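A.B. asks: Sequences are here, hints too, so could you generate the full structure?
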Amino acid sequence: MSLTITCPICGKRDGYEFRFGGEDKGPRPDEDGLTPQSWCEYVHLNECVAGRQKEWWVHKDGCGSWFTIHRDSVMNVEVATPEAHK
Amino acid sequence: MFGKYKPLLGEKTQLKSSYDVVIIGGGLHSLATAYFLAKEHGITDVAIIEKNYIGFGGAGRNTAIVRANQRTQYNVPLYKEALDLWPVLTKDLDYNLMFNNCGNLNLMHSEAAMKAARMTIATAQFHGVESHLLDAKEAKELVPALNISEDITFPIHGAMFHPPGGIVRHDAVVWGLAKGASKYGVEIHQQTEATAVNTKNGKIVSVETSRGTINTSKVLISAGGYSASLIYGMLGIKLPISVLTIQAMVTQPLKPLLNHVVSSGAYHCYANQTLKGEIATGAHMDQWPNYTTQTTAHYIKHQAEALSEFLPCLRGLRFMRIWSGLADMTPDMAPILDGNDQIEGFFMNCGWGYFGFKSCTVAGKYMAEFMAKGEAPDMIKPFNLRRYEQHKLMGETAELVTYTPNN
Chain A
1 MSLTITCPIC
11 GKRDGYEFRF
21 GGEDKGPRPD
31 EDGLTPQSWC
41 EYVHLNECVA
51 GRQKEWWVHK
61 DGCGSWFTIH
71 RDSVMNVEVA
81 TPEAHK
Chain B
1 MFGKYKPLLG
11 EKTQLKSSYD
21 VVIIGGGLHS
31 LATAYFLAKE
41 HGITDVAIIE
51 KNYIGFGGAG
61 RNTAIVRANQ
71 RTQYNVPLYK
81 EALDLWPVLT
91 KDLDYNLMFN
101 NCGNLNLMHS
111 EAAMKAARMT
121 IATAQFHGVE
131 SHLLDAKEAK
141 ELVPALNISE
151 DITFPIHGAM
161 FHPPGGIVRH
171 DAVVWGLAKG
181 ASKYGVEIHQ
191 QTEATAVNTK
201 NGKIVSVETS
211 RGTINTSKVL
221 ISAGGYSASL
231 IYGMLGIKLP
241 ISVLTIQAMV
251 TQPLKPLLNH
261 VVSSGAYHCY
271 ANQTLKGEIA
281 TGAHMDQWPN
291 YTTQTTAHYI
301 KHQAEALSEF
311 LPCLRGLRFM
321 RIWSGLADMT
331 PDMAPILDGN
341 DQIEGFFMNC
351 GWGYFGFKSC
361 TVAGKYMAEF
371 MAKGEAPDMI
381 KPFNLRRYEQ
391 HKLMGETAEL
401 VTYTPNN
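As you go down the protein sequences, you meet chains A and B in turn. Mapping the first sequence onto our numbering, position 31 (from 1) lands on 31, and the numbers just tick up by one. Mapping the second sequence onto our numbering, position 209 (from 1) lands on 209, and the numbers just tick up by one.
Mixed in with the good hints, there may be bad ones.
What the hints assert, rightly or not - Cut-off 25 Å, straight-line C-alpha distance, at most; resulting in silico cross-link-like pairs (PhoX-like, lysine-lysine):
1) B:Lys381 - B:Lys392
2) B:Lys238 - B:Lys392
3) A:Lys25 - A:Lys60
4) B:Lys373 - B:Lys183
5) B:Lys140 - B:Lys16
6) B:Lys179 - B:Lys51
7) B:Lys16 - B:Lys200
8) B:Lys381 - A:Lys54
9) A:Lys60 - B:Lys301
10) B:Lys203 - B:Lys179
11) B:Lys238 - A:Lys25
12) B:Lys392 - A:Lys25
No lab work stands behind these hints, which were simulated from the structure alone. Computed from a prediction, not measured in an experiment: that's the story for all the values here.
C.D. replies: Shown next as structure tokens:
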């Protein structure tokens, strides 16, 4: 499926060079006060948004860096970050 | 012939302002649930709300393979009952579901895979499901077209043969169940989009649709690959699901040469010959979530390479069509069947990944019982959503672990 992703180091590359790293769920929860529910939420639960979402990718067949992008899951295209419009 | 056409689903009806049960999604799981609600539990005031048309999603896009050779103790009995239901439903629905009971042959390409097959077979036999271990020569006797030589990328060490499985015509199941449910008075509203589910004091009160509001106390969302997005969007319940697209394709028709469904984990390929003679084959998933149903030359090439190695007589054959559908994958490759938990009167049936077709009738049967009685039947209790926070994942992953974005 055609998808290009913009690596912060290597630039715009073929999507098959990358691996999807999950929806962006913010920082890993603090060990203090961690409950099975909050851990499950961080590890397993997704929003599965049909539309724009912020997500992690790793450039596995390239420089190896981890980064976030915004992508439209209905159109399957990378989109500009919301900050870029300001 | 033309003047006397009788619509399959009954006359087009107006959407009423209330129903006992509203089911969002018009696929196989929804149709089966509605059918069993009406037939087994006498609940006939049911509306199925479908945005497109019945069978638009996974119901009409799967490759129609049925089997019960899964790995774990909770899954095998469920799929066994699903297999046993095909002949029963063919009679009860008075509709030819075209169950071709040809059996499944899973190829193993290493000693480690053979060991895994031995465990799977032991589980199957324990649950009364016929399954055998074959060596490569025996596999070739069953499917003479197989290449069991050593000079292919993944030489065949042996196979797991599961005679009770086979192929069912998936469109026939959609039409048969729709006809069966309609006969009892279930209303199927196509071209109707559910836009919101309203709750009050933790209970379901109504469903908003593109054709108006429906008051109801029971809602089931079983919309295949679209379920997770709908459930989070409408009710804020997050699910351990990733929605990936899965591709399949068919070749030009041939004379009969494959008497069984043949599949290979190492080649990421399965193939069966349809009753029309085409070789239906798949399946690949792009490993990032998306709601497109795009297809790629990338995978046609991969499929051609795999088939021409282990079924070399197919070399040079032309692919006629390629398509894709959505698979809602869970981390443990087992579904989520839950209800009356977070919200009273809300039920969900999703997370089937690419096992949604083979399980549709049995899932419908037990979800109907669940919705009628308010209490989960023992058979589907282990498939609740809370198993993920309790770390009771099911381990139904086998060799296909690379098929989720979590790996």
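A.B. asks: Look at each hint and say if it fits the structure.
C.D. replies: A quick look at each hint next to the structure:
Distance check on the hinted pair: Lys381 (chain B) and Lys392 (chain B) sit about 12 Å apart at the alpha-carbon level, within 25 Å; holds. In summary, the hint linking Lys238 (chain B) to Lys392 (chain B) is supported, as the alpha carbons are separated by about 18 Å, within the 25 Å threshold. The straight-line distance between the Cα atoms of Lys25 (chain A) and Lys60 (chain A) is roughly 21 Å, inside the 25 Å bound, and the hint therefore holds. Restraint check for Lys373 (chain B) and Lys183 (chain B): satisfied, since their Cα atoms lie roughly 23 Å apart, inside the 25 Å limit.
Restraint check: the Cα-Cα separation between Lys140 (chain B) and Lys16 (chain B) comes to about 58 Å, which exceeds 25 Å; the hinted pair is violated. A C-alpha spacing of about 19 Å is found between Lys179 (chain B) and Lys51 (chain B), which places the hinted pair at or below 25 Å, so the restraint holds. For the given pair, Lys16 (chain B) sits about 21 Å from Lys200 (chain B) by alpha-carbon distance, which is consistent with the 25 Å threshold. Of the pairs offered as hints, the one joining Lys381 (chain B) and Lys54 (chain A) is violated, with about 34 Å between alpha carbons and a cut-off of 25 Å exceeded.
Among the hinted pairs, Lys60 (chain A) with Lys301 (chain B) is consistent with the structure: their alpha-carbon atoms are about 23 Å apart, no more than 25 Å. Between the alpha carbons of Lys203 (chain B) and Lys179 (chain B) the distance comes to roughly 31 Å, so the proposed pair goes past 25 Å and is violated. At most 25 Å may separate the alpha-carbon atoms for a hinted pair to count; Lys238 (chain B) and Lys25 (chain A) meet this at roughly 12 Å. With a C-alpha separation of about 23 Å, the suggested pairing of Lys392 (chain B) with Lys25 (chain A) holds against the 25 Å cut-off.
Checked against the numbered hints given earlier, this structure breaks hints 5, 8 and 10; the rest are met.
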